[in-house]
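Asker: Now for the letters of each chain:
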Amino acid sequence: MRYYARKLGFYLVALWAAVTLNFFIPRMMPGNPVDILMAKLQQRGGTVDPAVRRSYELLLGADHSDSLAQQYFSYLSHLLHGDLGVSVSAYPAKVSDVIGQSLPWTIVLIGMATLISFALGLALGTLVGWKRGTWLDSVIPGTTVLAAVPYFWLALILAALLSSTLQWFPLLGGYDVSLAMGWNWPFISSAIYHGILPALTIVISSVGGWLLGMRNMMVSTAAEDYMLTARAKGLRNRRIMIRYAARNAALPSVAGFATSLGFVVSGSVMTEQVFSYPGIGGRLLQAVENNDYALMQGIFLVITVAVLGANLLVDLLYGLIDPRTRASN
Amino acid sequence: MSRIRSESRRVGIAGAVALGLVLTGCSGGGGTAGGGSDTLVAYTGQAGDYQINFNPYSPTAIDGPGTIFEPLFFYNIARKDNPAPRLGTAFSWNKQGTELSITLRSDAKWSDGKKFTADDVAFTLDMIRKNPGMNSTGYSGRATVVDATHVKITFDKPSFSDGPQILGKSWIVPKHIWSKITKPSEDVMKQPVGTGPYKLAVFKPQAFTLEANPDYYGGAPALKKVRFVALSGNQSGADALKSGQIDWQTGPVPDVRNVSKNYPGYKAITVPMNQAALFTCANADLGCSGPQTDPAVRKAVYYAMDRTQLNALAFENTASEISPGFALPERDRTVVSSRLTDRIAPMNPQADKAARLLQDAGYTKGSDGIYAKGGKKLALTVKVVSGWTDYITAVNTIAEQLKKAGIKLTAQQVSWNEWSDARGRGHYQLLIDSLSQGPAPDPYYLYSYFFSAKTTARVGQSANPNFSRFKDAEVDAALDALKAIDPQNTAARQPYYDTIQTEIEKSMPYIPLLTGGTTSEFNASKFSGWPSDDNLYAFPAVWGRPDNSQVFLHLKPAK
Chain V
1 MRYYARKLGF YLVALWAAVT LNFFIPRMMP GNPVDILMAK LQQRGGTVDP AVRRSYELLL
61 GADHSDSLAQ QYFSYLSHLL HGDLGVSVSA YPAKVSDVIG QSLPWTIVLI GMATLISFAL
121 GLALGTLVGW KRGTWLDSVI PGTTVLAAVP YFWLALILAA LLSSTLQWFP LLGGYDVSLA
181 MGWNWPFISS AIYHGILPAL TIVISSVGGW LLGMRNMMVS TAAEDYMLTA RAKGLRNRRI
241 MIRYAARNAA LPSVAGFATS LGFVVSGSVM TEQVFSYPGI GGRLLQAVEN NDYALMQGIF
301 LVITVAVLGA NLLVDLLYGL IDPRTRASN
Chain H
1 MSRIRSESRR VGIAGAVALG LVLTGCSGGG GTAGGGSDTL VAYTGQAGDY QINFNPYSPT
61 AIDGPGTIFE PLFFYNIARK DNPAPRLGTA FSWNKQGTEL SITLRSDAKW SDGKKFTADD
121 VAFTLDMIRK NPGMNSTGYS GRATVVDATH VKITFDKPSF SDGPQILGKS WIVPKHIWSK
181 ITKPSEDVMK QPVGTGPYKL AVFKPQAFTL EANPDYYGGA PALKKVRFVA LSGNQSGADA
241 LKSGQIDWQT GPVPDVRNVS KNYPGYKAIT VPMNQAALFT CANADLGCSG PQTDPAVRKA
301 VYYAMDRTQL NALAFENTAS EISPGFALPE RDRTVVSSRL TDRIAPMNPQ ADKAARLLQD
361 AGYTKGSDGI YAKGGKKLAL TVKVVSGWTD YITAVNTIAE QLKKAGIKLT AQQVSWNEWS
421 DARGRGHYQL LIDSLSQGPA PDPYYLYSYF FSAKTTARVG QSANPNFSRF KDAEVDAALD
481 ALKAIDPQNT AARQPYYDTI QTEIEKSMPY IPLLTGGTTS EFNASKFSGW PSDDNLYAFP
541 AVWGRPDNSQ VFLHLKPAK
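Residue numbers (UniProt numbering), protein chains in the order written: chain V, 1 to 329; chain H, 1 to 559.
It is possible that part of the hints are untrue.
[Stated by the list, open to error] Only pairs whose alpha carbons sit at most 27 Å apart, straight line, appear in this in silico DSS-like list of lysine-lysine: (1) LYS80(H) with LYS204(H); (2) LYS242(H) with LYS94(V); (3) LYS183(H) with LYS94(V); (4) LYS454(H) with LYS130(H); (5) LYS40(V) with LYS175(H); (6) LYS204(H) with LYS94(V); (7) LYS114(H) with LYS175(H); (8) LYS40(V) with LYS454(H); (9) LYS559(H) with LYS224(H); (10) LYS190(H) with LYS40(V); (11) LYS224(H) with LYS94(V); (12) LYS377(H) with LYS40(V); (13) LYS377(H) with LYS506(H); (14) LYS40(V) with LYS204(H); (15) LYS180(H) with LYS94(V); (16) LYS94(V) with LYS80(H); (17) LYS199(H) with LYS114(H); (18) LYS40(V) with LYS95(H).
[What the hints assert, rightly or not] Distance ranges between label pairs, derived from CB positions: (19) HIS78(V) with THR154(H): 58 to 66 Å; (20) GLN413(H) with LEU15(V): 48 to 56 Å; (21) GLU400(H) with THR144(V): 28 to 36 Å; (22) SER138(V) with PRO254(H): 12 to 20 Å.
Hints in this document: simulated from the structure, not taken from any laboratory. Idealized CB from N, CA, C, for every residue including glycine.
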């Protein structure tokens, strides 16, 4: 039990530190929301009358009468009440509404893609590692090259090839805007159809990493004594591969998977840019470009909680999967 | 101001990419954003999803002004037209400019069926005055209802110059709905009720559609549906244009001179509107420092550059001539002062003039070919937003040109946030940007924004928008005088315009480069009636409000 209590305590401290950084780091950015809004409107043919600036200052409440410390404590207390504040760039929408509108798209698309990539990488890695020295070895350089190619470039090439030229997939967007949004099959199928290509690019570019890690672990596991024992017992080859080798070789990958779950939220910026996909990545960019502190804090909070939560979960699961970690503590 | 810049210009496709992946061939393809034959798909440059907001007084409104909520008159900023009637039919000022009488149309209806009357106008104007957060025009008049179709506004002081804001940018809202809203500046108007030619049909974060208002007083517009789509930025806008998924967008595309060839069925129009300039932190009295605080240096830069080459290299020859008095050479032809030394900035470099200016100011050329004074080299840095490719090219081109004239110019690429912060606080030597126009086709607004002592501040404090910290008693006096002269009385106004322009030319706080064009691409095979160079009935920018509504009213399905 002490093991779990210590873990939980550690995560609470980490959460507080992350929340504090979330507050201070955005405020180190140059600029302020009102001036940026003005500059933006000006470029959209808006007038730059000083009266406009004054009215926006009043509207957005951009007065700096509170000290940074006061702002920090009110931020913490609001956070405890579940209030993330009001987004300046989507004023007067609440940060929680903005995130709520975007987050499901990201979680489903990137989450599924990460899961598929992980499962595929592990399965292929197991196979390639087990059949070492055969033609299957050539899969490794093939997938690593794809992983080494800059993601946005790969995505652009695939979009140009499969959408613009072959027209197999839609080029932009997350769903067909002429359909009614909701839980109806035409809409859901259009969302799935629109998601295939972005998901494909993520899987292609990330499967190599999982595969390589898994394959190498398989190779080193194969040299362990218990493998020899298993063989000596005359177990079926398939059983040895999965129950003895793969199960042990997968342990480091599972830990890595936790970290990558955190990137489900943050790593979607590129994908959403290339495919104009609705999601949290685009919102993060919007927040940064507009000095929208509240929205940035909100999104960073989601990322923080996602990473910490996933790590905690894996830490706890790890204790179950691998009793050694528990014992040594 | 067409600052939706293409950051990377993607090349078609690079051959076949063997992926060793078998893809299940989903049939269908086709555009998601593409509408039916009666729907115009507009892309305003919206990056990322839409957040619903149809409050015309909100800075984050996604649409509404002009299309759903109408102004009293439409001011065409692209051409010197008389204001076109919308909800108003006529207006007149008294001699002193303290009383504005407006006649309204009697046949307009709100989209919920109620009749539009003078009460709505008076209510709207009062609401603006009472809510400082909505009063983006500095409106301080008192509106009184004379009868159902007449409104009178009185002011404490002559207010001719406020006319275009009040008449052209105050969106009239229904009293019977808005009077019940406690905080009108914070309501997002999910179901907007207006008098305009369009109504909201469907809102989705990725796109929203407006449909023709069948009860519009001018008759339901011929263009039945307008869909505004959200993409991830200008690059995806160019892609969508290429694949025919959008019908109208504003922003540069590669090879902009051959749009009709590269995009079959599409046409492009470029309207010179924004004067690109090197903004200088000019006023040492307000805390500016660096060689650019010397007018001689600013003028030397002005003379040393080769504008013809600049236009070709940085602006694909879409930019046009500029006047150092900052009146638009085309639109404000009659205003450009004859007392200016150069009515139009020289298109070719005047090396001898630049050299003489610098030598008279005490600069001597060093062995490296760069001028210096008191042991300090004449070196300047220009802040430019990274990603604004045409401006980056422009600055690099100018740097090469100025090197020949003995001035060292260094480009410094900074993020958008940092740039706008530096611009506001005056923490820069030079930066590249453009001066923007006001609500009416009159350079008065530009002068009052960028050259008035009232709109500036010391370095370190936020100035808006007189970023150069320019201060000139004669200009300020002329601006005050113009405020009290009827815009129709051009003869009386011209002497003041002459003063402002000559003072600006003398001191040159913003070094004029070229007049930048705002380019829009539109689908001419699907719809007819677009603005053209011969008939520029509205500023053809898709994000222009209410300009875009005026274009929608003129469009017809091509067949």
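Asker: Quick check on a hinted range of 58 to 66 Å for HIS78(V) and THR154(H), using CB atoms only.
Answerer: Because 45 Å falls outside the window, the suggested range is violated.
Asker: Under the criterion that the straight-line Cα-Cα distance not exceed 27 Å, is the pair LYS377(H), LYS506(H) satisfied?
Answerer: Holds, at about 24 Å.
Asker: Check whether the Cα positions of LYS242(H) and LYS94(V) lie no farther apart than 27 Å.
Answerer: violated (36 Å)
Asker: Next pair to validate is LYS94(V) with LYS80(H); report whether the Cα-Cα distance is within 27 Å.
Answerer: Distance of about 43 Å is beyond 27 Å: violated.
Asker: Taking 27 Å as the top limit, are the C-alpha atoms of LYS40(V) and LYS454(H) close enough?
Answerer: holds (22 Å)
Asker: Assess, step by step, whether the Cα of LYS190(H) is no farther than 27 Å from the Cα of LYS40(V), and give holds or violated.
Answerer: holds (24 Å)
Asker: Starting from LYS183(H), check that the Cα of LYS94(V) is at most 27 Å away, please.
Answerer: holds (16 Å)
Asker: Holds or violated: are the alpha carbons of LYS377(H) and LYS40(V) at most 27 Å from each other?
Answerer: Distance of about 36 Å is beyond 27 Å: violated.
Asker: Quick one, are LYS40(V) and LYS175(H) close enough, alpha carbons at most 27 Å?
Answerer: violated (31 Å)
Asker: Next pair to validate is LYS559(H) with LYS224(H); report whether the Cα-Cα distance is within 27 Å.
Answerer: Roughly 14 Å separates the two Cα atoms, so the pair holds.
Asker: Holds or violated: LYS40(V) with LYS204(H), Cα cutoff 27 Å?
Answerer: It holds: about 23 Å lies between the C-alpha atoms, which stays within 27 Å.
Asker: For the pair we were handed, LYS114(H) and LYS175(H), check the Cα-Cα distance against 27 Å.
Answerer: Since the Cα atoms of LYS114(H) and LYS175(H) sit roughly 10 Å apart, the hinted pair holds (cutoff 27 Å).
Consistency with the previously given hints fails for numbers 1, 2, 5, 11, 12, 16, 18, 19, 20, 21 and 22, ordered from lowest to highest.
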